[in-house]
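Q: Taking the hints into account, I'd like the entire structure generated from these sequences.
Chains as they are written, first to last, in the working numbering: chain A, 1 to 507; chain B, 1 to 623.
I should point out that these hints are in silico values taken from the structure, not numbers from a laboratory. All clues given are correct.
Within a straight-line C-alpha distance of at most 20 angstroms, the following computed PhoX-like cross-link-like pairs (lysine-lysine) qualify:
(1) A/404 x B/211
(2) A/402 x B/211
(3) B/225 x A/402
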Amino acid sequence: MKTTPKASMKSSSSSMTSDAARDVNHNKTFIQFNPSNVPYAPRPGQTFTDFSPPFETESQSLYHPDREVKTSNQFGSTPTMNSLMLDWDPRTMLSNLSFLEQKIHQVQDIVRSIIDQEEHQLPNRTGELAVRQQLVTADLTCILIQLISTAGTLLPSIKNTLLSTNPTVVQLGGVLSAPTSFVLNGSPQHNEVVTPDITKGSEYAELMKSFNTSSEEGDELIKCLNACDGEVSESVPVEDHDLKESDDGIDGENLPPGSYEVLQLEKEEILAPHTHFCLICGKGFKRDANLRMHMRGHGDEYKTPAALAKPTKELNAEPTLIRRYSCPFLGCKRNKEHKKFQPLKTILCVKNHYKRSHCDKSYICSRCNTKKFSVIADLKTHEKHCGRDKWLCSCGTTFSRKDKLFGHVALFQGHTPAISLDDSKVSGMSEQAEGSVVMSGMEGIIGCNFPGSTSQDIKSLDTKVADDSFNYLSPMNFDSCSFDGLDEFSRPFSFLPSGSCNFGRRN
Amino acid sequence: MSANRSTELPTEMRTRDGRMLPSDAITTVLSVDLLIQILDRIRDPRDRKSWRLVSRGFLRAESLHRRELRPLRRETLPALLRRYVALERLDLSACPSIDDACLAAVAAAAEGLKVVCLARANRLGWRGLEALVAACPRLDTVDLSHSVGVGDREAAALAEAKGLREIRLDKCLAITDVGLAKVAVGCPGLERLGIKWCLEISDIGIELLAKKCPEIKFLDISYLKVTNESLRSISSLEKLEDLYMVGCSFVDDEGLQLLSNGSKSLQCIDVSRCDNVSSRGLTSLVEGNQCLQKINAGDCFPDLESSFLSKLSCVKNTLTVLKLDGFQVSSSSLRVIGGSCKNLVEIGLSKCTGVTDESISELVAICVDLRTVDLTCCHHLTDNALYSIADNSLKFLSACSELTTLKLGLCSDISDNGLAHIGSNCGELLELDLYRCGRVTDEGLAAIASGCKRLRRLNLCYCTQITDNGLNNLSCLEELSDIELRGLARITSSGITAVAIGCKSLVELDLKRCYSVDDAGLWALARYALNLRQLTISYCPVTGLGLCNLLGSLRCLQDVKLVHLSWVSIEGFELALRASCGKLKKLKLLSGLRDVLSSELLQMLQTHGCRIRWVNKPLVFKG
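A: Structure below.
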């Protein structure tokens with residue numbers, strides 16, 4: 001999994017750069033994709049219609065060229081059943097609403113008929129009742145989805161039109177999104193609603209069918225959502241502090257494929273330092289709260305409680321589908337194209353994963369100069385432990401934790417934990433010198449106590465003792481020799497002033 | 001052995017007659033080989049001493065034959081090592097001031113060493129151990145317990161001896177998991193390991209030990225801060241027989257359950273003072289290990305549940321030692337114990353409320369093999385609660401003629417009559433504890449002294465009726481080595497003198513709060529108690545002169561407690577301690593003296609490996 005992507009990575013990165021170049025070309029129309037380097041100059045003359053086509057093609061072709069055909073087909077077949085339009089168009093909106101109205105009437109009729117039956121107490125109709133109830137639930141679901149998708153088509157168009165500063169839509173956007181700040185990356189609450197889709201229109205029919213047959217309901221939805229990568233902009237509600245590896249969002253999660261929707265952000269979005277921008281001066285912020293604070297400086301209208309309030313969650317009625325993220329890097333296990341795709345839990349995870357796995361490690365620990373990190377929080381975490389608590393094995397491997405070292409030692413034959421030499425009180429040279437004096441001092445004792453020894457066993461010692469004259473001066477000799485003589489004289493007690501090192505010498 | 005001794009004595013006499021030329025035919029004709037074969041059968045050290053005095057030939061044969069040595073002084077060490085060339089076991093624990101240089105020299109002189117005891121060698125470091133390991137390739141057992149200087153580095157030095165099978169590291173406080181890992185990796189054939197009180201060792205170290213040393217049979221992890229995880233690792237030791245885990249308060253019933261799942265070889269387990277262990281854990285332990293021989297569950301939990309007692313029948317054939325200190329043992333439960341464990345040799349029932357004369361009599365009637373009975377009672381029980389254990393119990397107990405240890409501390413109803421039973425029937429008694437048995441008088445002591453000739457340890461603390469006459473009676477006990485006489489205000493120096501002269505094996509003596517013992521007693525001790533190693537004379541009215549004489553004369557003295565000697569001047573302390581320099585290992589002094597005594601003296605004591613414990617307590621007279 002990790003070797004194969006290399007080749008594809010190169011190709012994709014090249015394609016990415018070319019895409020980026022195209023992005024620059026499209027900047028006028030396609031600002032949203034490149035928030036980091038966009039000069040937020042509103043272009044008053046720009047209309048919505050010339051914005052949208054490149055938007056779709058770009059987003060589709062960027063990483064999923066294989067889908068292009070499909071989407072275009074779907075695009076062609078949009079006005080079929082539900083006439084779900086891609087963009088904000090009052091007419092399609094109206095037709096959507098009327099469809100909803102129709103549907104609601106239909107449900108009403110069914111419910112009424114059920115009530116009628118109950119009133120007349122008609123027997124033997126229980127089976128029919130069940131069928132009708134099923135019908136009602138199916139219809140209600142249908143209405144719900146229709147409603148969401150209508151709103152979904154509405155929202156991105158708000159954003160787009162915001163970019164093009166269409167005054168009417170700005171107002172409309174202001175209605176939907178709470179503050180009038182420039183919501184480039186709507187708050188997370190918005191994101192839940194924002195499931196804009198080109199393909200959704202055509203997929204919807206299938207969706208309905210799957211609902212009615214109640215089989216693998218999510219699959220089709222996921223498919224269509226997969227196709228709509230890129231549109232969903234990111235928001236960072238809280239700045240990352242100490243993010244651990246587990247933030248990547250795999251651990252312990254084992255969602256069956258299809259039980260969640262997958263979103264994929266673009267590289268530029270992931271790496272953007274700021275995700276919230278001031279509409280007036282263009283200044284970028286990491287958090288929308290900071291942006292709101294900033295907006296206060298632009299006039300009193302931004303100081304109202306409503307403007308300062310956190311955008312509240314809207315449309316709670318929406319069935320909350322679990323959302324997971326895909327890494328834009330082709331070949332990555334976190335990329336949805338991967339066979340064993342493992343989704344990322346949050347946008348934060350996406351950011352950290354992308355930086356850790358697919359970016360240069362530009363932060364180098366200043367203390368050890370060896371460890372490199374691409375996420376600054378990782379560096380900070382490392383610096384907390386760098387140089388401290390080094391657990392060293394006899395083979396030279398170091399560990400940050402004792403249990404890791406002991407695990408290593410248990411695994412390999414003959415390895416032992418090394419004792420750090422800092423612990424020993426005396427260091428190197430002086431230690432050895434002292435040791436040798438001690439040794440000769442003790443041998444001296446044996447010799448001087450038994451000068452006339454005949455034993456074969458300690459001969460070697462005796463020969464050494466021959467030149468023991470320096471022992472008088474050795475500091476340890478006092479300890480060793482001081483009481484030699486006392487055994488001979490059976491004194492009641494004796495006092496030994498320090499320095500009586502040669503007290504007991506008899507010859 | 002005694003027969004041997006009697007035969008040797010005339011030989012000795014003869015050699016003294018013809019000192020220069022042992023002309024006796026037997027001593028010259030017997031070859032060294034034959035002498036050594038005879039020596040194989042002589043084990044008693046006193047017989048050996050007689051043997052050495054026969055002739056030079058006998059002395060040489062003995063020195064060639066001798067395998068073990070326990071020197072008491074460092075000065076004699078070189079001569080001893082020179083004489084005994086075939087030493088295998090060397091115990092240096094009684095030898096003060098053992099340092100690196102000394103150990104290196106010893107190792108060089110005795111290369112055949114297999115067993116070395118270096119307990120309480122305060123000055124020992126890694127260099128000495130390195131030298132030892134390098135010089136003695138056959139090293140098998142090393143005891144470093146209570147050696148203050150021993151840490152990871154020393155453990156690493158020790159671990160170089162690949163063939164080590166037993167290591168004792170009790171209370172080597174500086175040893176951590178790293179040191180243990182060194183030992184575990186270095187000595188894969190380790191069979192017996194004691195790491196009691198090595199507080200730095202954790203689960204991680206134990207886990208590694210269990211992985212690296214599968215041969216372990218004996219393991220002491222008492223007082224370690226280890227959890228059930230350690231027991232999980234330990235349960236993988238398939239050959240484990242003895243497990244001591246006193247005071248492991250992080251271990252609970254689940255841990256014991258883990259033990260029951262694992263080793264089937266377990267024979268001895270000590271879970272005393274493990275606060276979180278309950279009857280449930282013990283029950284599972286007994287169920288899981290059918291070969292248990294010794295169980296010590298003292299001071300764990302108060303309630304003895306019938307479930308545990310009924311499960312004792314699982315191990316009824318093997319169980320020989322059962323200690324239930326601090327439990328509430330009723331007569332019925334004692335009956336169950338007696339009924340299911342007929343082979344009991346030792347039972348510990350100290351601090352057990354509810355033990356009565358009847359239950360003891362029943363137990364003794366069933367368990368005829370009982371040798372050691374501990375009936376010491378808890379001091380928070382009133383005397384009234386103890387009334388039940390009285391002379392009648394002793395009458396029954398005296399039926400156990402093999403009894404070696406009897407602890408009757410705080411059983412205040414014990415009187416001379418009971419002791420007379422013991423004295424007349426228990427000739428094998430080695431240890432007797434009569435702590436605070438206030439009704440015991442000189443007569444009881446006389447009965448014990450005449451009956452229990454082999455007594456080694458005797459505790460008479462606070463038996464306040466005892467006088468010098470009692471001590472005079474004791475002086476016929478030659479093997480008595482430990483005597484505790486705390487708070488006996490009636491005994492004087494004359495009694496101490498009698499003990500010092502009579503009890504030749506005296507090693508430990510406690511005279512704390514003997515308010516009538518003065519310098520004369522110390523002079524007698526200095527003159528006669530040459531083997532005295534541990535002495536407490538706190539609160540005694542002795543002067544500096546007596547103290548100086550004592551500390552200067554006694555060459556084996558290692559541990560002295562000198563608290564509240566109000567009659568001793570500062571100069572007296574100074575001189576006495578200087579005289580003791582190089583011998584003392586432990587010293588207990590009033591903390592007020594710390595600033596008064598010269599720093600030079602204190603430093604000297606320290607360099608000689610003497611640890612001083614400073615205590616600060618008010619002078620209170622207790623009559």
